[in-house]
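Based on the hints, put chain B in the right spot on chain A.
Chains A and B, in that order, are what the protein sequence lines are.
Heads up, the first sequence is in the working numbering, so the first residue is 1 and it goes up one at a time.
Heads up, the second sequence is in the working numbering, so the first residue is 547 and it goes up one at a time.
These are computed hints drawn from the structure, not numbers from a lab.
Since we're looking at a predicted model, the values are computed, not measured.
Careful: at least some of the hints might be erroneous.
[As the list claims (entries may be wrong)] One side only, chain A facing chain B, incomplete, derived with CB under 10 Å:
no., residue
1, HIS12
2, THR219
3, ILE383
4, MET389
5, ARG536
In this text, a Cβ means the ideal position worked out from N, Cα and C, and glycines have one as well.
2 protein chains.
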Amino acid sequence: MMKIALAQLNYHIGNFEGNLSKILGHIAKAKIDGADIVCFGELALCGYPPRDFLEFSDFIRQSEKGIEAIRKASKGIAIVVGAPTVNPVVEGKDLYNSAYFIAEEKILHVQHKALLPTYDIFDEYRYFEPANSFELVEYKGKKIALTVCEDIWNIGNENPLYTICPLDEYAGQNPDFILNLSASPFSYNHAEERIEVLKANVARYKVPIFYVNHVGAQTEVIFDGGSVVMSPNNTIYEEMPYFVEDYRCYNLDQVLKANKNIEQPKDKILEIHDALVLGVKDYFGKLGFSKCIIGLSGGIDSAVTTVIASRALGPQNVRVLLMPSQFSSEHSINDSVELSKNLGIQYDIVKIEDIYHCYKQELNPLFGDLPFNIAEENLQARIRGMLLMAVSNKFGHIVLNTSNKSEAAVGYGTLYGDMCGGLSVIGDVYKTDVYALARFMNKDMEVIPEHIITKPPSAELRPNQKDSDSLPDYDILDKILELYIEGRQGPNEIIARGYDEKLVKRILRLVNINEFKRYQTAPALRVSSKAFGMGRRMPIVGKYLS
Amino acid sequence: MMKIALAQLNYHIGNFEGNLSKILGHIAKAKIDGADIVCFGELALCGYPPRDFLEFSDFIRQSEKGIEAIRKASKGIAIVVGAPTVNPVVEGKDLYNSAYFIAEEKILHVQHKALLPTYDIFDEYRYFEPANSFELVEYKGKKIALTVCEDIWNIGNENPLYTICPLDEYAGQNPDFILNLSASPFSYNHAEERIEVLKANVARYKVPIFYVNHVGAQTEVIFDGGSVVMSPNNTIYEEMPYFVEDYRCYNLDQVLKANKNIEQPKDKILEIHDALVLGVKDYFGKLGFSKCIIGLSGGIDSAVTTVIASRALGPQNVRVLLMPSQFSSEHSINDSVELSKNLGIQYDIVKIEDIYHCYKQELNPLFGDLPFNIAEENLQARIRGMLLMAVSNKFGHIVLNTSNKSEAAVGYGTLYGDMCGGLSVIGDVYKTDVYALARFMNKDMEVIPEHIITKPPSAELRPNQKDSDSLPDYDILDKILELYIEGRQGPNEIIARGYDEKLVKRILRLVNINEFKRYQTAPALRVSSKAFGMGRRMPIVGKYLS
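One chain only, chain A, in its complex shape (with noise of 0.2 Å):
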């Protein structure tokens, strides 16, 4: 009777005494268990993606004074554990991705990772050789496919983007079970894409799957857990919960005569919603801090971060300035105090009105007569940028960036103004979808006041202003982003679909003239399968639907 425990944890990228220290704590209490083996995730050691640390010998270095100190536990139990090997071959890379199987104090076998994601947020043929050989392991009488995350994932694809398919390899030498080692990041669809895989998976090589994740944020990217076990029927002994640390242990007899079919259900304004507030925790938790700053406006945007802020760091650690221009509507701040009170959090009010005649008039030899402009409306945003930024430097408060995904889409935000902070929150959110978690956080009592969902949104950056004069009704504006941005469709195809050809070529020209503000912007939260950022690369001066 074998006994497999799977550690879902929150590494922090480069923390080796960190992260060694949390793994040599779940081995201990796989031990306790009585477990045989014990599986932590992909890379674990260090942290996933170490990015560029990887080309520095020390940061390899480290980790294997790491899997050293994880051999010397290992007396009784044998352990799982992902991190980088140094490629022995003079040629190809210098590096392996790779999974440890270490028992009785040796290193009974190393399988390097063979499918090596290179696209979206993902680099890994910038630094890793692709495994060629593929051995099972046997253990206390079973074999065992070592696999490392994307290994599993060349299946039932229509177009497959690898050549080789390392479980078919491992298929013909009969293995008892997989064990796949993961960081597999969070977006609202793909928890339902990796239970398909893992199902097809099972259907084809009807072998149980131990299927082990990371939890946890890493700057923008966050993973979500739902570590999973397949029985080899084609059901799900278990799948572990999301956003949380887990420890589990399980019997592989018990998983392979079990008929249980248990799924989570998935709602995908909950998991964005838990995935914000586990992306701001680890942000500020990782780096250090603990207090975060938001300017309030009165507007949805705002509301909702500081919601998620207060949620992920507690009330007391959020500060919200209110600045109100000659522009902004009383309700802007009365609908902010009546947030920030719901809230339990601290605010002041800052008038931005002298601040910006002092600006207007040093500026005024330069200006003359010039008619109010975009320079005056950016003026506006940049002096509240510049207040928070001030307390911040004071106090020691993170700024939030509030920016959703639309506007950050089609540039309708000022940088260094209302696009300023350290992390975006909701900058991977659509602004329908931010809507959506507005009524998610107000479903059990009114935290957002009603007035900030219902009203028309506006910058109030001159007056009587609405997002409506110059952006497309946001239902419209978001299925074309999404259509171009996650969906990689052309102007053609998105006409094509019934949208007017003059806005749609309008929009997918904003989203590209841009990408120069994009690319000063803080990392937003990742929850969509296509988020600004590292996972999506554009040329500046490129000249393209431009």
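Positioned in the frame of chain A, the structure of chain B alone reads:
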């Protein structure tokens, strides 16, 4: 007698119309010259690097249309041009990075690239499947090996990145000569490396190489041209000029029997100077802008940036603001006025003191009696940034950033303040090289007032502040930074070279904890082998050497 023309051109990413027209123009020219073959660069038709535009099938269709137009222009001449092609096999990446050989309105051969650089700024394996076959083209009795950029680079390296060598594959088929279509970006030591590689190839294969490169900047990536024709006796038959478009036609017989070896002298500072001028020029030209604005502080960084801008855009298109505070020294203004007059550029003086006090007053209820600290220092830098942006928004000038690489490395700059701007001109130039650039600019006549070069550097954000209060001397700082950033040495390796342990650890920590700042800064013109930005990908929440 075969004549081969090389067109070293400045392409524009995604500008199919512009690139095609340039290519067609040079085909016509080559026909007049009686050339048998005319060669263009790697991915010339779409520009390099096209990045994620390649994921849009609309983009690929536009490229295919361009190839069709080139095919129709091939009566009486052979055209060799780079473009993406669709991989017809279901497995693997969707595209190849290919060289077309087109003649007499027929596509005679399409050779795919085998070695796909996926390091530093390169992401080719993100998009392309590597070639798996290598066939010579037969044309007018000659056997030609077609190669794309990196394909000739797997030779003579101690630690080759790739497991195959395309030229070895061709060698058995006895080619008469090698054509190489490149998009090989500038760094101040790269032209020498290219010539070394070309020599190593000719020494091994004993046939001439016609190597044609791109010229021109695509945002931060600068192509320097310097196309080369190598004779089979391992001499440089011709090295085309650097940093300008050029077109030349060669007689194969003469190349075969020639014995001349003329290598252009290389000078690091001259090359950096020319690269930066071209970088600024193309950023503006390709985005359709003409005018820039710069904050002139009286320091050497903004002085050097302004000279480069003036040479790139013409003095009539450069405007500067002098923005003294209560901490500014008298000479800062005088030196800046003198520089402006030397260059013949428009300057205005806008004082920041009143705006600063206005902020202080509004923040007084929050700040109370707390002592002057980084909040007040950054306020000043940010007021200056805002003034530049206001003029930018009012008149259409693009703000040029003046940060150097040393300060970007250690975070000695204010986010949204002196770190603002659309393009960082000297952000990949260490401070010690900024001084060398200033001396170089002054070699024929004093453009930059001597006092700007000789006075001790200071941010002037508090009384009597000097850079040396918080940073080591730049000659030590820059050496440590270069070992860490370009050299990718760890702390132990650097300390082993004799640098102070405490200092090394402090500097490496500063570099790592300031990743969040660099994430939000403008693209910096790349002149070194390891610039901040797209070629150096670091985690923000990492905890390594920090």
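So, going through the hints one by one against the coordinates:
1. Interface hint at HIS12/A: satisfied, since its Cβ lies 6 Å from the closest Cβ of chain B, which is below the 10 Å cut-off.
2. Hint on THR219/A holds. Least Cβ distance to chain B is approximately 4 Å, under the 10 Å limit.
3. Hint on ILE383/A holds. Least Cβ distance to chain B is approximately 8 Å, under the 10 Å limit.
4. Nearest Cβ of chain B to the Cβ of MET389/A: about 6 Å, under the 10 Å cut. The hint holds.
5. The closest approach between the C-beta of ARG536/A and any C-beta of chain B is roughly 6 Å, which is under the 10 Å cut-off, so the hint is satisfied.
In the structure shown, no violation is registered for any of the earlier numbered hints.
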